[in-house]
Amino acid sequence: MNSPTPVRTTVRVWDLPTRLFHWSLVLCVIGLVVTGQIGGNLIEWHLRLGMVVGALLIFRVLWGLVGGRWSRFASFVKMPGTILRYLKGEARPDEHLDVGHNPLGALSVLALLGLLALQVATGLVADDEIATTGPLNRFVSSAQASLATGWHTELGKLLLIVLVVLHISAIVFYLKKKGQNLVRPMLHGDKDLPADTPPSADGWGQRLLALALFAACVALMGWVFSLGEVAASF
Numbered sequence: 001m002n003s004p005t006p007v008r009t010t011v012r013v014w015d016l017p018t019r020l021f022h023w024s025l026v027l028c029v030i031g032l033v034v035t036g037q038i039g040g041n042l043i044e045w046h047l048r049l050g051m052v053v054g055a056l057l058i059f060r061v062l063w064g065l066v067g068g069r070w071s072r073f074a075s076f077v078k079m080p081g082t083i084l085r086y087l088k089g090e091a092r093p094d095e096h097l098d099v100g101h102n103p104l105g106a107l108s109v110l111a112l113l114g115l116l117a118l119q120v121a122t123g124l125v126a127d128d129e130i131a132t133t134g135p136l137n138r139f140v141s142s143a144q145a146s147l148a149t150g151w152h153t154e155l156g157k158l159l160l161i162v163l164v165v166l167h168i169s170a171i172v173f174y175l176k177k178k179g180q181n182l183v184r185p186m187l188h189g190d191k192d193l194p195a196d197t198p199p200s201a202d203g204w205g206q207r208l209l210a211l212a213l214f215a216a217c218v219a220l221m222g223w224v225f226s227l228g229e230v231a232a233s234f
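For the sequence shown, counting from 1, position 201 maps to 201 in the UniProt record's numbering; every step adds exactly one.
One or more hints might be untrue.
Listed next, the in silico EDC-like pairs over lysine to aspartate or glutamate satisfying Cα-Cα at most 16 Å (straight line) [to be verified]:
1) K178 - D98
2) K157 - D128
3) K88 - D98
4) K178 - D192
In case anyone wonders, no lab produced these hints; they're calculated from the structure.
Given these sequences and hints, build the entire structure.
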């Protein structure tokens, strides 16, 4: 006898805070690349966008601990053995490895977040030796600032562009070759999945918590930005 077809239903995978984080980060990264390339008066906007990205990244780390089920790191950061089984097609149905970020997608996400964090960190201490210095530049030596600036404006920027292109290529691959639209769920939050798939919590309690966390992250980055203004006043 043929085994019965699993009942499928609409499941909330990406909570609203995660979706807002994702698209805000996309817009900010585009803005950073554009303002960084053009330079001039747009460098001030480059700095501001960098601070927003810093706040978004800190929020994402916190949300990866307390957010909706499939936004939590515990749901998609897997051990090497699990990743290997996934690559061999031996994943167990109860693992739900394709609900949110699959194990390979998780590696891509972690690489992007890590590189963006490094870009923000190096930007905070960078010095273009013309008119712009990062707000934390005074806390590092000239040699360290030079090293950070070189990474931020050259290799780091190149690697970021490469990772973004790979990320987009993977989305296109899944759409064309596997018939999986990874963008649509990140817009409305839902996926068609087996009925036994646990959903992400996405009520107003979760959303208000996310708003409070993000406000705290913005305040923290605002304080960091103010350190540069204090230094400039002396």
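Legend entry - 16 Å Cα cutoff - pair K178, D98: It holds: about 12 Å lies between the C-alpha atoms, which stays within 16 Å.
Legend entry - Restraint status (C-alpha distance of K157 to D128 at most 16 Å): Status holds; Cα separation ~15 Å.
Inset, instruction - For the pair we were handed, K88 and D98, check the Cα-Cα distance against 16 Å. - result: holds, 14 Å
Legend entry - Hint consistency between K178 and D192 [alpha-carbon to alpha-carbon, up to 16 Å]: holds, 15 Å
Taken one by one, the earlier hints all hold for this structure without exception.
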